[in-house]
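Engineer: Here is what each chain is made of, one letter per residue.
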Amino acid sequence: MKRSYTVALAGNPNVGKSTIFNSFTGLHQHTGNWTGKTVESAKGEYSFDGDNFTLLDLPGTYSLEPASAEEKAACDHIRSGEYDVLAVVIDAVCIERNLRFASGIICAVEKPVVLCVNLIDEARKKEIEIDHKRLSELLGVPVIPTAARQGKGLTELKEAIRDAAHFEKTEFGKNADPDALARDAFEKCCVVGRATDKIDRAIDRVILSKALGIPIMLALLLLVFWITIVGANYPSQLLGRAFLILGDKLRALLYSLGCSKTIVSAAIDGVYTTLSWVVSVMLPPMAIFFPLFTLMEDCGYLPRIAFNLDRCFCCAGAHGKQSLTTAMGFGCNACAVTGCRIIDSPRERLIAVITNSMIPCNGRFPMILSLIAIFFCNTPGAESSFLRAAIMLGFIVFSVLMSLLASKLLSVTALKGVRSSFVLELPPYRRPQIGRVIVRSIFDRTLFVLLRAVYVAAPAGLVIWLLANINAGGVPLIVYMTEFLDPFAVLLGLDGVILAAFILGFPANEIVLPIALMIYMSGMTLGELPETGMLASVLISHGWTVKTAVCTIIFCLFHFPCSTACLTIYKETKSIRWTALSLALPFAIGTLLCIIINITSKFVLLV
Amino acid sequence: MPTLAQIKIGESLVIKGIGSELAIKKRLEELGFLEGARIDKLYVGLFGGPEAVRVGGSVIAVRRNDADKIYGDKLQQGEIY
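In order, the protein sequence lines correspond to chains H and D. Numbering follows numbering that gives the first Met the number 0, in which position 241 of the first sequence is assigned residue number 240; successive positions increment by one, without gaps. Numbering follows numbering that gives the first Met the number 0, in which position 53 of the second sequence is assigned residue number 52; successive positions increment by one, without gaps.
These are calculated hints, taken from the structure and not from any lab test. Since the structure is predicted, the reported quantities are computational estimates derived from the model, not experimental observations. Wrong hints could be hidden among the right ones.
Once the Cα atoms are required to be at most 27 Å apart in a straight line, the calculated DSS-like pairs of lysine-lysine come out as [unchecked claim]:
id, chain 1, residue 1, chain 2, residue 2
1, D, K73, H, K209
2, H, K187, D, K25
3, D, K15, D, K25
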C-alpha cells in the first residue's frame, strides 16, 4: 500500500540541505556557498520504494535557540513535530560544533531522527575520519555519510528515512545531557587530523588582505562586466536580426489574413517590437551576468566581500551583511529584498530593503550600457569595450556609495537605533560545479526574461502604442503626457519623453528605453529594429547630448523601484509607510542629483 | 589576560571566557567559542574591520569590539597557517 510521509530537513546553514533537497525532489532551490542562502522553507515531493514523501527544506539554524525570524521559523517547526521523520544534516568538516547541534535536537525531539553527515569528501581531504557505526550506537539514531554535491550516499539516506518513517521512535535521550552526549560522541567517534586548509588560507591571505582585498574585488567586478558586455554584443545583434526577419514575416502573415493596417501596426510595431527589443537586448547580458555571479556565489567568495566591506557598511550605519544584499541587487532588486532576511535585526534589515533599489539590477544594465556606448565611447574594438566596462563600473561604485549615504541618512533619522552584532562564517572555498551552474543559470535566466517579456513588456508595448497612436485633438495622447512632464523634466536635464518613459516603465525597468524610442518615433513605423547605430541617431535627432545621457543614467540608477520590487518590499515589510519611503527616497535622490548636474553643466560648464 | 582583539595575526588563544555583557555570547558558544577551545587569529579587515579566527574546523569573523571581549591564554606555538 502506498503511504505518504512528511520529512523535514534541518541543520546549520550552508551544510547542504538545499543540495539534498534539490537532488531528492528535482526542484531547484537556489544553493549558494554562503550561510543564510535559504530564507524560506521550500516544499517538494519524491517517491521511494513505493511510498510518497513530502520534503521540507527548513532555513538553516545554528541552534535551537533562534537569533532571527528565519531561525525561529526553523526551530518552531523542529519542535512542533509536524513531520514523520526529521533528517538532520550536519557538516563533517565542523563535526564538533555540528555534533552539539545534532545531540541537542536528538534529545529535544520526539519523532524519529536520521542523522546525515554531509561533506564527507571534504572532511576526508582534511584528514577528518568519522566512525559512523559507532556514532549511530552512541546517539541512538541512524547515521548516514553523504557527499551530496557528488550524489554519494543519497540512496542510503532515502532508505534510512523510509525505515525511520515505518517505525516509531524509541524513547531515547530524554534524560541525556546533549552537551555531554556530543562531547562523548566526538571523542569516541571522530579523529581530526591537523588542519589542512592551507589552500583556503593562502587564497584568503590575498583576498582578505588590507592592501589587495578591495582592489581585487573591483577588478573581479570589472572583469564580470567586461565579459558581459563583450559576450552579449554578438548574440544581441543576432537576436535583433532574427526578430526583424520574423517580424516582417509576421507582418505579411497578418496582412494576408486580412487584418487592417491599424491592427497590424498595434500588433507588430507595438507588442512585437517591444517584446523583441526586450529579449534581444536584455537576454544576452542577463544570461551571461547571472551565471558569472552565481559562480562567484557558489565558490564561496561572497562572505569575503562582506568581510572586506564590513567597516564601510558599519560606518554608514548599515549591517555588514548589507554588502551581500547589495551584491544580490545587481542581479534583481526584488530577489535582493527577499534576501535581506539574512539580516537579523529588523532596523538594519529595513535600511537594506529601502536602499536596495539604488543598486542597478540586470534590467537596467542594457540601458546604461547602450547610453555609455553611444555617448561616452562609441568606437568599436577591444580597448573601448574595456573602457565602457570601466565607466559602467564607475557608475556602479557611485550607486553603491550613494546607497551607503542613504543608509547613513536613514540610520540617523527615520531608523535610528543600536548597531547590532555581526558574526560571519567564511565557508571553505568550493569548486563551483561550473557546467551545472552555467546550464541551470542560463536556462533560468532565459525563462525569466521570456516570461517577463510576455507578461510585462508585451502589454506595456500595446499600451504605449495606443497612447502614441491614438489622437485626441489632432495630437497623440502620449504628447499630452510628455508635454505635461516636460517643464519638470527639463529641470532634471531630461525631457518629457524620457520622464514619461520612466513612469510608464514602472512595471519593469527593461522597457524604459523601448518606450522612449517608441514615443520618439510614434506615428512612424518601426521598420528596422533599433541597433545601437539607429538608437544613436534617434536620440541625437531629438536633442540628446552627453548631459542628457548622464542625467538619464543617474535617474536610471536612482528612481522608484520597479513594480515587482515594490510588491516584494510590501510583502517583506508589511507596511505601506516603508514601501512608500522605498519609492520616495531613491526618487528624491535621483531628482536632486539630476538637478545638480543640470545646473552645474549649464552655469559652470556652460554646456 | 589578553583578548582576541589584542593578539596579533598568527597568534592563538585558548579561551578562558567571553564577556557576559556580550549579546552574541550564546551565538559564539554555539559556533565553537567554548572554554578551553583554541582559536587562531587569521585575518583582520581594513580600518579596524572584523577579525577572522579559525575555531573548531571553521572560520568565523567578528567585529573588533566584540573580539575585545573574548579573552584567554596566549599559546606558544608554531605554524598556524
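Engineer: Of the hints given before, which are not true for this structure?
Structural biologist: As far as the earlier hints go, not one is violated by this structure.
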